[in-house]
Each structure stands twice: as C-alpha cells, then as structure tokens.
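**Q** Taken in sequence, the protein lines are chains A and B. Sequential numbering from 1 applies to the first sequence in my numbering. Sequential numbering from 1 applies to the second sequence in my numbering.
Calculated from the structure, these hints are not laboratory results. Since the structure is predicted, the reported quantities are computational estimates derived from the model, not experimental observations. Heads up, the beta-carbon is just placed ideally off N, CA and C, and yes, glycines get one too. Check each hint, because a few of them may be wrong.
Below, computed lysine-lysine pairings styled on BS3-like, alpha-carbon distance capped at 30 Å [stated by the list, open to error]: (1) K108(B) / K451(B); (2) K674(B) / K62(A); (3) K108(B) / K240(A); (4) K228(A) / K141(B); (5) K78(A) / K108(B).
Pulled a few chain B residues facing chain A out of the computed Cβ check, cut under 10 Å [unchecked claim]: (6) S8; (7) D50; (8) S72; (9) L74; (10) A89; (11) A180; (12) R720; (13) Q721.
What follows is the residue order along each chain.
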Amino acid sequence: VRSASDPAQIAALEGRYEAARTVAETRSALTQVARFESAVRNSFAVVSCSIYPLRQLVVESKALYANYQLGTRAQVRKVAEGEFDRHRRTVDAMLFGAYGDQIIYAALSLDGNGLKSYGAYSIILRDVAVSKRASVLEENSYSFVKNHKMEPGHPIPEGYRAPWGRRAELAVAKLADLISPTTSDSDFSSLLLSNGSTRDDDNFMEVHIYGGYDQNAIEAVSGNSAPKRADEKGIATVVKEVLNNTGKKWIEE
Amino acid sequence: MIDVAFVSGQIGKAIYRDNQTYYSVEQGSTPFPIRAGEFHDILGRKHEFDLLENTDLPSVERYLELSALQHSCLFLLLTLIDYEVSLSARVVAAQASDTCLENPAVDKFVRRRLLSVPLPTQYRSHRHEILSSLSGFQVIKNLLQEVFECQPVLDQLWAEWQDATSSTETDPSIKRDVEAQLIRTGFFEDVGQALSQNDLQRLNERIIKEATAPVTDGLSVVRPSLIVLRAKLQQRFFVRSQEHPQKRLKLKHSPSRSQSKAKSESSDFIAQLIENSYYSEPDAKGLSAFESKNRVVKQISTIRELLHLGKNGLAEKYVEDLLEFQLGQGDREHAAMSLCSLAAISLDANQLAMADRLSSYAIKLNVYDPVVYTLRAEVLKNRGHFAAALKAYEEAKDRFPSVHYGHDGYADVLNEQGKFDESLKYYHQTQNHFPDDPVAFNGEVSVLRNKGELRAAVKIALRNTKQFSADGVTRATLAGCLSMIGKYDEAIKQYALALSLAPKNIRLIIGYCHSLKAAGKPDAALRLLDSQIEKYPLVPALPNTKAKLFQASGRFREALNIYEAILRQFPAYTPATFGGAAAKILLGRTDEALRVLPEEGMESELDWFGFRAYALAFVRIGENDVAAQKLQFGIEVCPWVRERAKLETALGFVELARNNTIQSIRILQKNLAKLEQRQSQSRLLLLAHSQAQRGESGVSKVLLGSIFNSRDPQLRGVQRQIFSSYKLFPIAGQRLTSSGQEELFTAELSLALAA
C-alpha cells in the first residue's frame with residue numbers, strides 16, 4: 001500500500017486518469033465513464049478459491065474441527081523451510097520483495113463474481129477488512145511483469161497501481177477507452193472482470209491484500225451449493241449454513 | 001520428474017518443483033506457476049501437508065485427490081457431531097460421508113483420527129440425538145457410536161500420556177509433532193482399542209512396537225514416555241481388573257448376588273459395579289422405561305428415608321441394588337442422575353462423607369452431564385474444601401460453558417472464601433453471559449451482604465426484583481437484605497410477596513419466620529411455622545426452626561422437646577442434634593450435650609456450629625480457658641466466613657465471662673460495621689456489657705440506647721437485663737445479685753449459641 005501511495009505513483013496515475021477522461025470527452029463518453037467510475041468506487045475485493053480453503057476458513061475457529069487437524073511432521077517441515085525461501089524467485093518477489101509471501105490476491109468485482117479459473121467459489125471481502133491494507137494493480141501481475149518486460153531489481157512502472165481508495169481512478173485509466181456513449185451500466189461488471197477460457201485469458205484488476213484474513217472479513221460468498229460430487233455437495237451445504245448462521249450472505253450461482 | 005511436492009488435502013492443493021520451476025495444482029484443475037502466497041498457504045499457515053519426493057504429476061494428483069477426500073470425509077463426519085449444524089445439513093453430510101467411506105483408505109484415515117483424539121466434551125452430550133438421526137446410515141452410525149463409546153478410554157489414555165510425557169520432561173515443541181505422528185500411525189487408536197477390549201497383550205505389543213521403531217520422525221525422543229505410558233496403563237486398566245477377576249468376564253451386570261461373598265469382601269462394591277459397567281453388556285430383558293422409572297423412584301425414596309434415619313449401612317446396600325439395576329439396564333446416564341439425587345439428599349442430611357462418595361461415583365459414570373460436575377463441586381464446597389470446589393467448578397465451566405451453574409457456583413465459593421471482589425467480578429461476568437439467570441444477580445447481593453455493604457446490597461436487590469419480578473427467591477433476597485438493615489416491616493411485606501411467588505420454597509419460609517421474629521412478632525412466626533409443618537410433615541427443617549424460635553425466647557425446655565421429637569422421626573438430622581445439644585447446654589445438661597457435639601473433623605458450616613456449641617459448653621461448666629482456647633482454634637481454622645464471625649462473637653462472650661473485658665471489647669469490635677444486623681446487634685449488647693463491666697457507663701449507655709436498635713425480643717430482653725443488672729451504674733465495675741448475673745449469663749450464652 002505504501003508503494004502504491006508513493007507520490008510519484010499517484011502523480012503518474014492521475015496523469016493517466018486525466019488523459020483517459022480527455023479522450024473519453026472527445027468521444028462524448030465522459031458521462032458513461034463518470035458512471036463507471038462511480039460504480040467502481042463501490043467495488044469489492046473478491047478471492048476465488050475451491051471449496052476446500054473455504055471450508056477451512058469457516059471452521060478454523062471451531063474446537064471440534066481444530067482438534068482433529070494435525071500439524072506437520074518436523075522432518076517434512078524442515079524440507080519445506082528450505083523450499084520456502086525459493087519463493088523469492090517468483091514474480092511476486094519482483095513486485096513485493098521480501099513480503100511477497102504475505103500477499104493475498106483478489107480481483108476487483110462489481111457483482112461479486114470472481115475468477116472461475118482460480119476456483120468455483122468467490123469470497124467477497126468486507127470493505128473495512130481490506131481498505132487499509134490493499135492496493136490494486138491494473139492487471140494480473142504475471143501479465144504485468146511480462147507486458148512491461150520487468151526483470152528482478154527493475155523499478156515498477158508508475159501509474160499502474162493505486163491504493164484501495166483510488167481504485168476507481170485506476171479503473172478509468174485502464175478501461176475508459178472501452179466505454180462508449182452506448183455502454184450500459186449493466187456492462188460495467190464484465191468490463192471490470194471477465195472470465196477467459198484459461199487464467200491467461202482472464203481480464204481483471206488484481207487486488208493485493210497484505211496479511212491474511214479470517215471469517216470476520218467475509219461479506220458474502222458466491223458459488224454453487226449443490227456441486228455434482230457428493231463430498232463437495234456435503235461441504236458446500238454445511239459451509240453455506242455456517243455462513244448464514246454467522247450473518248454472511250450466500251449468493252447462489 | 002518432480003523432485004519434491006507438498007500435498008495438502010486439507011486445502012485441496014499441492015505445490016511442486018519441476019526443473020527448478022514451482023507449480024501449484026488444485027484438485028481437478030491444471031497446474032499453474034506458483035505465486036509466493038501459495039507457498040505460504042500450504043507451508044506457512046500450519047495446514048497439514050505431506051511430502052512426496054521423486055514422483056510425477058499423476059502421482060501427485062492421485063495423492064491430492066485421496067488426501068482431499070479423506071479430509072472432506074473427516075469434516076463431514078465432524079459435522080454430524082456438530083450440534084450447531086441443522087438436521088437437514090447433517091443429512092446431506094451423512095449422504096456424502098457414506099459415499100466417501102466406501103473408499104477403504106478414507107475409512108482408515110477417519111477412524112484413526114476419530115478413535116485417537118478425544119472429542120471436546122461439549123460435543124459428547126448430544127450423543128443420542130446425533131445417533132438417532134443416523135438410522136439410515138448404518139456404517140456411519142456404527143462408527144460414531146464407536147467414537148462416543150471410546151471417549152472414556154481416550155480421556156484416560158490421554159491423561160496418562162500427558163502424565164507420562166511430563167514425568168519424562170519431554171520437550172513440548174517435539175511432543176506436539178510426536179503426538180501428530182502417533183495419531184497418523186494409528187498408535188492411539190490401537191492402544192485405545194486394546195484398553196477397551198482389555199487386551200493386555202495387544203497393548204504391550206503396540207507400545208513396544210512404537211518404542212522400538214527405527215529412529216525416524218523424532219519418535220525416539222519419546223521412548224521413555226512410551227515406556228512410562230505402558231506402565232501407567234497397565235496399572236490403571238489391568239492390575240485392578242486382576243484384583244476383580246469378574247471384570248474380565250463378559251457378565252451381564254456383574255457382580256451378581258451369587259458373588260455376594262466377593263461383594264462383602266470388596267472394599268468398594270459400588271466403584272467396582274461402575275468399573276464393570278464399562279465392560280458389561282446391558283440386560284437384554286430390560287424393563288420398559290416406565291417400569292424402570294417407577295422402580296428407581298421407589299428405591300430412591302427408600303434410600304432417602306434410610307439416610308434420614310441414619311441407617312447408612314442399609315442405605316448403601318439399597319444404593320448398590322439401585323445401581324446394579326440401572327447399570328444392568330445399560331443406563332449409565334440415569335444411574336449418574338440417581339447418584340446425584342442421592343448425593344443431594346445426603347447433603348441435606350449433613351451426611352457429607354456419603355454425599356462425597358456418591359458424587360464421585362456419579363462422575364465416574366457420566367462426565368457429560370453438567371449436573372454431575374456442579375453437584376460434585378457443591379459437595380466439596382459444603383465440606384469446606386474450597387480450593388477443590390473451585391477446581392471442580394472451573395472444570396464444569398470449561399466443559400459446559402453454556403450452562404450457568406458452574407459459573408454461579410465458582411463465584412459462590414469465592415464468596416464463601418471471603419474473596420469478595422473476585423466473587424463480584426465473576427458474578428458480573430456471569431450476569432453478562434446469562435442475563436436471564438437470577439442466581440448470579442442474587443449472588444451479587446449475597447457477596448455485598450457478606451462484604452458488609454448492606455445498603456449497596458439492598459439497592460442491587462431492589463433492582464433485581466424489578467428485573468426478575470416473578471422470581472420468589474429474588475424477592476426473598478431483597479427481604480433478607482431489608483431485615484439485615486433493620487427495616488423489618490418492609491422485609492415482612494417482601495417475604496409475604498415472595499412466599500406467594502414460591503410457596504414451596506422451605507428456605508424462604510424459614511427466612512420469613514426469622515424476619516417475623518426479628519420484627520418483634522414471634523407469635524406470627526410460630527403460627528406460620530405451624531401451618532407449614534402441617535403442610536410439609538416430612539421436612540424436619542420446619543420444626544427445627546420452631547425449636548430455634550422457642551430457644552431464642554428462653555423456652556429451652558420446649559425447644560428441647562421439639563428437637564427430640566424431630567430426632568425420633570429423623571435420627572440422622574444433624575441440625576436437630578446440635579440444636580438439642582445447645583438447648584441442653586442452656587438447661588445445664590452439659591455432659592449430655594458434649595456427647596453429641598463434634599470436637600474434630602468439622603467440615604460443613606453446620607459442623608462448625610456444632611463445634612461452637614461444643615466450645616461454649618465449657619463456659620457453662622466454668623472452664624472458660626478451655627472454651628476460649630477451642631474458639632480461638634475455630635477462628636483460625638474454620639473456612640466459613642459467616643461462621644468465623646459467630647465464633648468471634650462467642651469468643652468475645654467467653655472473654656467477658658473470664659472478666660477479660662479489654663480483650664472482649666477488642667474482639668467484639670472487630671469488623672462490627674460489616675456484620676449483618678443480628679450479629680452486629682448481638683455484639684453490641686456484649687460490647688455494652690463489657691464496657692459496663694469495666695466501668696465505662698457512658699459508653700455502655702450510648703451503645704445500649706442510641707446504637708442498639710433491634711426489635712428482636714430476645715435481644716431486647718438481653719438489653720433490659722444489662723440495664724437492670726448494672727443500674728447504670730452506681731459503682732464502676734460493680735456487679736449485682738448473683739441471680740441477676742446468672743440470668744444475664746444464660747441470655748448471653750443463648751445469643752452466642754445462636755445458629
């Protein structure tokens with residue numbers, strides 16, 4: 001967040017934002033761009049995952065379940081520690097340095113739908129749980145590193161990241177060119193996030209949240225509560241009920 | 001070729017290294033290059049994962065699928081035990097887990113977990129509802145039944161394991177890993193089953209196998225613990241069973257009557273019955289629920305009578321019969337309830353040793369019942385074993401956090417210990433957790449009363465009556481407070497109202513009578529008692545109160561007659577025994593009194609009243625030094641705060657009788673402002689007497705005139721006698737006629753003897 005709030009980053013972002021608006025004005029699309037910007041101000045961070053991490057999340061505070069989950073053997077852990085250090089070679093290390101392993105990835109969404117290539121369930125996080133510790137990148141970090149030909153040690157190109165509170169400006173800078181006077185409000189969500197056939201084809205803005213989150217951070221979950229596999233159906237039914245009992249919304253897909 | 005892979009079925013994900021590039025793969029999806037956060041997901045958050053080396057992607061995927069299925073099945077089975085999950089969701093979970101369990105590897109995995117680790121206790125009490133909802137899923141039902149049945153053995157196994165590791169000083173950081181490893185290998189499951197089946201050979205083989213395993217996974221560091229564990233388990237489960245060979249047999253409900261010889265030789269037949277019940281099968285020809293209940297009710301009623309008659313030996317035989325019957329029916333839960341009921345009856349009869357035994361048996365029978373724990377704690381409290389009672393209540397709180405009894409009881413014990421601030425703190429916490437429970441609110445008032453903050457107590461009690469307007473006990477608590485600050489008329493009104501709300505509450509009736517007497521209306525109190533005695537002829541506390549009222553008004557002979565009548569009907573009713581002894585002391589029949597009063601082994605508050613009477617009997621026969629010495633001992637040792645105050649009053653009286661007025665004044669003035677009304681007024685009289693005796697007539701006059709304000713006829717009688725005895729005061733320290741002196745002495749002795 002600190003890096004995204006850097007004055008140089010912000011200045012560059014403002015430059016891109018203004019330029020996008022100017023172009024939109026020449027295309028007579030400024031009104032629609034303004035509506036889009038307003039919609040993105042209320043967007044959510046959505047984490048996509050399979051049913052298993054979701055199950056872990058909803059029962060992690062219950063003694064009954066925790067009682068039966070064992071730790072990992074010392075020998076295995078020792079091997080893991082050696083491997084753990086190697087994460088620094090990943091793309092995340094280029095963007096976040098040593099704290100890359102602390103980053104949770106989410107996507108910006110207007111309707112609560114997430115990226116299906118990352119899992120069938122979307123966890124919508126409460127604004128208050130992310131606003132102080134999240135920043136937004138214009139695209140998937142892999143594509144970003146690739147598109148900008150970034151190498152380890154290179155500075156991060158400016159104007160493509162925004163702190164959580166300025167995510168709407170970044171969305172305008174990225175997507176204003178795709179908004180025409182005839183674009184309707186209902187198109188905004190698919191403009192912001194659209195699922196491709198593979199992860200590489202997904203189009204979205206990536207949210208980086210520092211630190212983990214727990215059940216209290218969940219606003220709602222969207223997904224199918226009756227998947228085909230019997231075990232997944234059982235888990236989804238229970239997870240849905242536990243979430244509802246704790247006041248979280250389940251959005252059926 | 002994958003050189004290293006970490007697989008976590010718990011979160012349905014694996015990460016692996018292939019040609020120095022890292023990938024993550026989720027179940028049913030294609031691998032992707034890893035993100036740093038995914039390392040953290042699996043390796044950094046303490047999720048369970050396994051290590052695979054030199055493998056390939058299909059193997060990783062197969063392993064992941066199986067591991068995920070195992071964890072899913074475990075989750076679904078735990079859901080079936082989770083009473084917060086609705087029945088319909090549990091049915092879906094049961095269907096799903098039924099399918100998962102068809103895979104033998106999944107079945108093995110979940111059995112190892114569930115049969116190795118004890119269930120949190122709060123999830124055990126719903127056993128019947130849980131199992132009855134699984135009638136269509138026999139495999140799951142059998143498995144969960146097995147899980148519930150092995151809990152007592154697992155509890156003991158883990159307790160011994162903790163002991164063993166702490167006695168061998170095993171490093172706690174290693175211990176956790178080792179325990180996880182032992183669960184994975186099925187060690188705890190196997191040992192638990194060996195214990196359940198009483199199979200010593202299997203137990204030995206399993207432990208020795210683990211203790212002599214190659215030095216891998218750090219298990220070697222707990223070898224000493226495993227050896228100690230083996231010895232402890234043998235001692236606990238097998239040595240005793242060899243002493244009682246019938247336990248090793250599969251008896252219906254052993255030992256039978258034909259084994260009566262063994263029974264009579266057994267030091268603790270009931271304990272033996274309970275132990276055997278773990279290994280016996282229920283009698284297939286059980287009676288119907290109605291017949292069983294009827295029989296048990298009759299048996300309990302007979303035992304109650306026997307306990308009140310003091311026929312403890314016979315009562316114990318009936319208890320054995322009762323348990324033999326209930327355990328023979330396989331009904332451990334109701335057997336525990338019967339024992340609780342009998343323990344409560346024993347407490348009423350001040351048969352503390354019996355109550356102690358019965359309550360400890362109840363715990364052996366059923367650890368899932370909050371009443372069993374709170375009753376056990378109550379017994380310990382009544383015996384004055386406050387530290388043990390606190391521990392028992394603490395356990396009750398931990399095991400049954402949603403049940404208020406443990407919380408209330410804990411604060412109550414702190415109150416009895418005189419730890420008023422701590423007690424208040426706990427009562428406040430309990431009030432927050434259980435806002436609809438008046439006990440914690442009334443408890444707060446009781447603490448304030450004991451603390452001497454009587455006005456605050458009244459204020460809170462008044463507030464409570466508004467909150468719990470229909471609760472008789474809350475109203476009686478307010479009445480008691482009003483009585484304590486001398487507002488007798490209002491107290492009587494509140495008692496009358498309370499009695500209309502809870503007409504069968506005997507304690508409330510007794511409090512009402514005492515309040516009437518304190519208000520100067522002893523006749524009204526006697527009338528009320530007579531009417532209640534007629535209503536409840538089998539409640540000895542009512543005539544006992546009547547006897548106390550007679551005694552307080554100087555009618556010692558009539559009081560004694562009543563006490564003796566009570567004892568004819570309820571020979572073991574200790575309050576009447578001690579009350580009768582007090583009456584005998586006042587009548588000068590000290591020798592007879594000393595024969596029944598306790599000199600040692602006091603536990604309950606009642607016992608200490610008996611001891612006070614015992615000490616005061618020596619004053620009656622002029623052995624003031626002995627009396628003072630004994631009372632001093634009592635003050636130092638007695639754990640009951642209220643009784644300690646009474647012992648101090650008695651000592652003040654004894655010092656006065658020894659003509660040691662300075663000492664008497666010092667003792668009587670101690671905490672005077674914090675005592676309840678009757679105690680403080682009694683002390684004022686004795687204090688005034690002491691001051692008069694040492695010639696401080698002015699002080700005495702003020703004490704008797706302006707400060708003393710009781711309307712209690714007994715106390716006012718003593719006040720008049722002091723006035724007339726000293727005639728306020730011709731010559732300092734002069735005492736008047738010996739007959740007047742004797743009369744005053746008896747009246748004051750009666751005050752010091754008041755229960």
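**Q** Confirm or reject each hint.
**A** Status of the hints after comparison with the structure:
Pair hint K108(B) plus K451(B) does not hold up; C-alpha atoms about 60 Å apart against a cutoff of 30 Å. About 47 Å separates the Cα atoms of K674(B) and K62(A), which puts this hinted pair outside 30 Å; it is violated. Taking the CA atoms of K108(B) and K240(A), the gap is near 28 Å; set against the 30 Å cutoff, the hint holds. About 25 Å separates the Cα atoms of K228(A) and K141(B), which keeps this hinted pair within 30 Å; it holds.
For the hint pairing K78(A) with K108(B), the CA-to-CA distance comes to about 27 Å; that is within 30 Å, so the pair holds. Evaluation of the S8(B) hint against chain A yields a held restraint, the C-beta minimum of about 9 Å falling below 10 Å. Hint status for D50(B): holds, given a least beta-carbon distance of 7 Å to chain A, under 10 Å. For the restraint placing S72(B) at the interface with chain A, the shortest Cβ-Cβ distance is roughly 4 Å, inside the 10 Å limit, so the hint holds.
Look at L74(B): its Cβ gets to within about 6 Å of chain A, closer than 10 Å, so that hint holds up. With a least beta-carbon distance of about 5 Å to chain A, the hint placing A89(B) at the interface is held under the 10 Å criterion. For A180(B), the interface hint holds, the least distance from its beta-carbon to any beta-carbon of chain A being 4 Å, beneath 10 Å. Annotation: interface hint on R720(B) violated; nearest CB of chain A at approximately 67 Å, more than 10 Å.
At its closest, the beta carbon of Q721(B) sits 66 Å from a beta carbon of chain A; the interface hint therefore is violated under the 10 Å criterion.
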